[in-house]
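J.: Hey, can you work out the whole structure from these sequences and the hints?
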Amino acid sequence: MGNEKVFDNVKIGDDILSMENITKIYGNGFVANKNVNFTVRKGEIHGLVGENGAGKTTLMKVLFGQEIPEEGRILLAGKEVNISSPLAALEYGIGMVHQHFMLVESLSVAENMVLGSEPVKGITFDYEEAVRRSTEVSKKFDLEVNPKAKIRDLSVGYKQRVEILKMLLHGAQILLLDEPTAVLTPQETKELFVQLKQLREKGFSIVFISHKLNEVKDICDRITVLRNGESVTTADVASVSEQDISRMMVGRDVLLNIEKEKANPGKTVLSVSNLSYKNKFGLYSFKDLSFDIRSGEILGVAGVEGNGQSELANVLAGLYEIEDGDIKVDGTSIKGMTVRQIREKGMAIIHEDRMTYGASATQSIAENIISDRFYKSEYKKKGFINWKDIVSKSKELIKDFSIKADGHDAEVRTLSGGNIQKVVAAREFTSSPKVLIACQPTRGIDVGAAELIRKKMIALRDKEDTATLLFSADLAELLNTSDEIIVMYGGKITAYFPDVSVINEEILGEYMLGLKTQSREEIGGVVHE
Amino acid sequence: MLDYIFSLEFIFAVIRMGTPILFVGMAAVIGAKADILCIAYEGMMLFAALGGVIGSAYSQNLAVGAIVGLLAGLVIAAIFAYFVLYLDTKPLLTGLALNTLGTGGTVYVVYLLTGMKLDTSSLASLRFPTIHIPVIKDIPVIGSIISGHNLLSYVAFIMVIVVWYLVFKTRLGLRIRAVGEDPAAAASVGINVRRTKFIALLISGLIASMGGLFMSMGYMPYFTNNMTAGRGFIGIAAQNLGRGNPIITMIYTLIFGASMAIGNTAQSFRLPSQFASMMPYLITLIGLVVIGARNKKNERRLHESISRKSKV
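Protein chains in written order, with this note's numbering: chain E, 291 to 819; chain Z, 350 to 661.
Please keep in mind that the hints were generated in silico from the structure rather than gathered at the bench. Don't be surprised by glycine CBs; every beta carbon is placed ideally from N, CA and C. Where hints are given, some of them may not hold.
[Stated by the list, open to error] To give a feel for the contact side, a few chain Z residues facing chain E, derived at Cβ under 8 angstroms: (1) Arg365; (2) Arg520; (3) Ala535; (4) Ser537; (5) Leu603.
[Claimed, not checked] Stretches of chain Z that chain E covers, calculated by requiring three or more beta carbons in the stretch to come under 8 angstroms of a beta carbon on chain E: (6) 525–534; (7) 538–548.
T.: Here it is, written out as structure tokens:
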């Protein structure tokens, strides 16, 4: 690419990219970016942080040519440029690694790498040349890939490596990584960080978007914080603490580590014995699971996605049928019960996929909040739904859960992800649950909303003696919120830790990857009766 | 009846009957690779068949006839592509509309030109020649199977190789597969998804139109009302059974060709002609059930192997 020369003139540590006074107003009048200033130096990893809806994504879309800003200008190596499309961005040496990989599954690594600028011999696609180019770039950056492997056979971390190499092959000098660690295990994350640091050494610039402040602290040189569409500050990472960053993001102090009392567990409320479930292919998603949760305690479930956790949650919720074994709530089996019957037994659930099971996008906040209880007599008056009462209760909950919305009748789809999750929580946490199943309750939502949901879960434990089963991919959250933790691997429980305070992410990671398994006796401790 | 199936005439008939289906099958392979549900092949074939007849009848030149026919089919393909890709209409409804236009519109044109509604036998249209391959035609058995077919039958078989090469060996083919499978990924590296799909549909329409030409300038000496009689759909079925692989798709088109050939002779064995015309569809149904069951099994096996791998 012709731009490499331009970039070569920039010395390491000098500004290579600056976005000045970027203002982006969407068609509906929503101001996503307001006078945002953002600079990236050559050879640095720059963290871009902010809550959901703070304008990170919009800013990156502007930089990658997917959105055209109303005001402001973009300078590359001191020269003003007009980035009108992703293709133009790529030609300017700006490459984006999306959260959903832009790779064609049935094609090989080499084919994906050269797609868009394929080598040809006559009219024939020159596969050998594609393989050669891929090998070359792989060697040059010390990121090993097999050019002939099919994408669909690769792990998530491997695909991400291919995606990064693809951008480098297309001549990217500035890499935008959109929450790259969201899909990785702790070990894969470490590996990625090593790779990113290598690229930094070679003079590449990386924009690292993340919610996870410890990662930002770990790998970035500088950070820029966005709040409500404005750039709050840019700072050297070394000079700020995680606490500082979160304060700048939210605009107030945030409790990253939630203070909580030691649990005071009572009798067993949820008892799962020898539970098995077969998926539609006739294979066991999990087999012979046995565990108990006592009232007033939170049992965390750690595990790499796809080791049976989602299926377990859905079986507990009554969405999937039990293949074998039993689930008892307060001593009564819920086998064969309908979802409503199970809920009436005192079960509440936050589903992993909030838009499919958690909330109805086109209904109002109030309607979503009463969707599990509208049929009860207390919500009726002379056979009709008592809207007046419901509206006043909804208003209370909107305040109590600090849901940011135009009002109780705002359609849920108009809310941000964090606020939708708060609506779900407002329903599930107020049904006086004996058992709460919380699946990835804070996934993809900002620190402020996550803090609220964690606090409310602990309040349920302490005030209503709720027994909670917490599934989370965020290990810091698991370690911080749970009283006990089990690890699921390959559809089995492979570890049980009755005391969370003595373990850390590395220990969990080893069990999550199946490198270690506890003895039967140790695991058996999770059955309390 | 068995005597017939093992006879040389039968194999000859299979190739003759299979030719138009083979063209559509190859057209459908390209459409499927680009992930476009195109059912408008009937309409394309009918217009191509009529265009070829008119072009050759008025010019008395075979090449002119072929070009007019192919262009007529291409116009339908282009209309389909424009509506589906640029105006975002539903492909199924658009295809249905164009097929209906094909059945009605061609009859209308035939009536305007000849004053008859049934066929164009009154026009002096040309036919593609029958090819007798030197040397091979004199080899016993093989000669009488391979030699003596209509020019377009040979083109159809060559088309299998052409399509295979196009899809798997050329840059355009790679791009067609990429936009068909993951348009976002293709667009992210600067490939124009709509344009690539448009080109794929035009190529697809061109190949299907050759099937139309064969109908009125090879299989029959003139155009008759709705002469494709569902072949455009049978070709799509063959592509489905062949799961997008040109070679396997070809095998299925020949199986359909065979069932049509059997159907035709069935009449001389006092079986009702309705039975004859039912055969290809019956075979399609049975084929889809068999393939569907096999795919389910493969899926299960794939899943098992993945879950085994993940436990290593």
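J.: Next, verify each hint and record whether it holds.
T.: Here is how each hint holds up against the structure:
1. Arg365: 32 angstroms, violated
2. Arg520: Given a least distance of 5 angstroms, the restraint on Arg520(Z) holds.
3. Ala535: 7 angstroms, holds
4. Ser537: 4 angstroms, holds
5. Leu603: 27 angstroms, violated
6. 525–534: holds (count 6)
7. 538–548: Coverage by chain E holds here, the residue count being 3 at a Cβ distance below 8 angstroms.
Hint check: violations occur at hints 1, 5; the rest are consistent with the structure.
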